[in-house]
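Chemist: The listed protein sequences derive, respectively, from chains H and Z.
At position 149 of the first sequence the residue is numbered 149 (my numbering), and the sequence of numbers has no breaks.
Position in the second sequence (first residue = 1) + 1000 = my numbering.
It is worth saying that the hints were derived from the structure and are not from the lab.
It cannot be assumed that every hint is accurate.
For the chain H half of the interface with chain Z, some residues (derived, Cβ under 7 angstroms), not all of them [what the hints assert, rightly or not]:
no., residue
1, Ile5
2, Leu7
3, Thr87
4, Phe185
5, Arg186
6, Gly189
7, Ala193
8, Val223
9, Val227
10, Val230
Only pairs whose alpha carbons sit at most 25 angstroms apart, straight line, appear in this in silico DSS-like list of lysine-lysine [as the list claims (entries may be wrong)]:
no., chain 1, residue 1, chain 2, residue 2
11, H, Lys161, H, Lys77
12, H, Lys237, H, Lys179
13, Z, Lys1007, H, Lys237
14, H, Lys76, H, Lys52
15, Z, Lys1032, Z, Lys1046
16, Z, Lys1032, H, Lys76
17, H, Lys156, H, Lys77
18, H, Lys237, H, Lys76
19, Z, Lys1032, H, Lys77
Here a beta-carbon is modelled for each residue, glycine too, at the ideal position from N, C-alpha and C.
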Amino acid sequence: MGLNISLSPEVLFQIGNFPITNSFLGGLVLSLVIVLGVWWLNRNLKKDVPGKFQNVAEILISGAFDFVVSIIGSEKKARRIFPLAFTMFIFILISNLATYIPGQAAVTLHRGEETVSVFRAVMADYGMVFVMTMVTVILVQIIAIAVHGPFGYLGKFFNFKSPLSFFLGLMDIVGELAKIVSLSFRLFGNIFAGEVLGAVMLFLAPFFMPLPFLFLGLLSAVVQAFVFAVLTVVFVKLAAEIEEEETLEQASI
Amino acid sequence: MELEAAKMIGAGIAIGLGAIGPGIGEGIAASKALEAIGRNPEAAGKITPLMFVSMAIAESTAIYALVISLIILFG
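In isolation and in its complexed conformation, chain Z is listed as follows (with noise of 0.2 angstroms):
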């Protein structure tokens, strides 16, 4: 296989099973928000702030996969 191929599978392996995990996460993270708030609407703006910081930590893993795959490809 030449090296071009090979890299280009790689950044495509890595992003694409990368985000797997991040994406179930986050979607945890966003039902439990929004049953929370459907519950109690007057805390939605408490919620909501937390709700995206948490986002923002579980898409960290994703984001790794995503730096990976774009130092292999532009890198």
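Isolated chain H (complex conformation) (with noise of 0.2 angstroms):
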């Protein structure tokens, strides 16, 4: 008996030339379930006395929206933004709690010699949070270019006033890229170690060791759920803002 564990999620099967794997097998039901469930909560909205699950999805709109709010600074830009941010909070929530649901482990597929389960953490596949990434790095660029202009945009990155500031444009777009590698690698880490952590420890010293680290993994489950939606936030607000020369060369103008 040996510990199975691989960096890239396992093809269950294929469907022509396209391999399905286990964990975007694992995102299409969560989708589907999400789906599912916001079209029902939707359909059961009442004005006057709302149910229990309304009462829940209205406080933690409500408190999510006021938060970004306070994060943004504007209501009618965290408008905008709010729709992205919290679905990708809600997606990653619940992919990430999904793994606490007791049982799943054990459904496996046997493909000739080995042993495939077929469940497995969503955001432990570095594809699939690679995929949010370029969207919110996508969508920060195309907002910084927005707000401003295509010049000022490719003026923060070439600057020949000085060699500093020389110097300092081309370390900015070090960080643009940076930006792709540390909001990936984050969650992706966080929730394959936790897999890995829990697989160890179930191996060394089954049923109770575990434990502990499970609870470690529920928090980090939330906590980076949290994380990679405020981030988006603060990235799209850093790009959105208009510095204080720019707005005294643009009144000048």
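Take the two lone chains, each set in its own frame, and fit them into one complex as the hints suggest.
Modeler: Below, the structure is given as structure tokens:
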């Protein structure tokens, strides 16, 4: 009996040339659950006396919206970015928490010699996390171009006023690229490490040793979903900010 | 030295050294946040989420080291 840990998700079966991995399947199932849940909630909205689930949803959404407004500063901007950030939060949170449903690790599929578990934490697949990160990063670049204009955007990176500001502009390019790495590795690393830690502890000392680590994983599942969404909002806020120097220039023009 | 043994040592050193800085940094962040809450307990609701975000940012270098060592071990 050995530990079966792989960085990439395992392939369950293939449709044509397209491999269906276990985390892809999990992502589809969870998306379906979320879409159906939201559809059901939306159908049962009541104006006068809200039900239990509507109450919970209203508390969650209005609390999250107030928090986004407190970060970004204006309600108009918050209305634009809130749907994306909250969708990311809900999707990451539910896909992280879904790994704690007991019994699902026992569902396996036999492919020849090896045994492949059908469900895997969705965020423990680097491809999924990378796509979500790219959505954030590309959105931030588009917002920066829309706010500063194409020349203002390029001028931030290629600044010929002095050698120091030229160097700082080049460092900004590195900073933008580092966003991709830091945002995606943080989520992926936390979730994947939680899975590996649980597996190793279960392997070394079964049944009771993994419990504290599972609690830690539960905490980091919630915190990482929160952090990913909040960092998206913060990056958008930083990109949409007009610096004082620039406003002065614009005023003089 | 065999390749397997070298891999194990490399992974251990990577995560061991990489965890030092973020450990110190997160400790400082938590202690300052608790100090601030102690002075002004009403601001706890505002301070706690900011503390989590800044701790997660401080954590990222440890996560890089962790990912590197996981890639060395299982990649």
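Chemist: Are the hints correct? Go through all of them and say.
Modeler: Verification of the hints:
1. Ile5: holds, 5 angstroms
2. Leu7: OK, holds: H:Leu7 within 7 angstroms of chain Z, min 5 angstroms.
3. Thr87: Result: violated, 19 angstroms to nearest chain Z Cβ.
4. Phe185: holds, 5 angstroms
5. Arg186: Holds: closest Cβ of chain Z sits about 5 angstroms from H:Arg186, inside 7 angstroms.
6. Gly189: This interface hint holds because 4 angstroms falls under the 7 angstroms limit.
7. Ala193: holds, 5 angstroms
8. Val223: holds, 6 angstroms
9. Val227: holds, 4 angstroms
10. Val230: For H:Val230, the interface hint holds, since the closest Cβ of chain Z sits about 5 angstroms away, which is under 7 angstroms.
11. H:Lys161 - H:Lys77: Distance of about 32 angstroms is beyond 25 angstroms: violated.
12. H:Lys237 - H:Lys179: Holds, at roughly 14 angstroms.
13. Z:Lys1007 - H:Lys237: Measuring from Cα to Cα gives roughly 42 angstroms; hence the hint is violated.
14. H:Lys76 - H:Lys52: violated, 29 angstroms
15. Z:Lys1032 - Z:Lys1046: holds, 14 angstroms
16. Z:Lys1032 - H:Lys76: violated, 33 angstroms
17. H:Lys156 - H:Lys77: Holds - the C-alpha atoms of H:Lys77 and H:Lys156 are around 23 angstroms apart, at most 25 angstroms.
18. H:Lys237 - H:Lys76: Given that 25 angstroms is the threshold and the Cα spacing comes to 12 angstroms, the pair holds.
19. Z:Lys1032 - H:Lys77: violated, 31 angstroms
In the structure shown, a violation is registered for the earlier hints numbered 3, 11, 13, 14, 16, 19, in ascending order.
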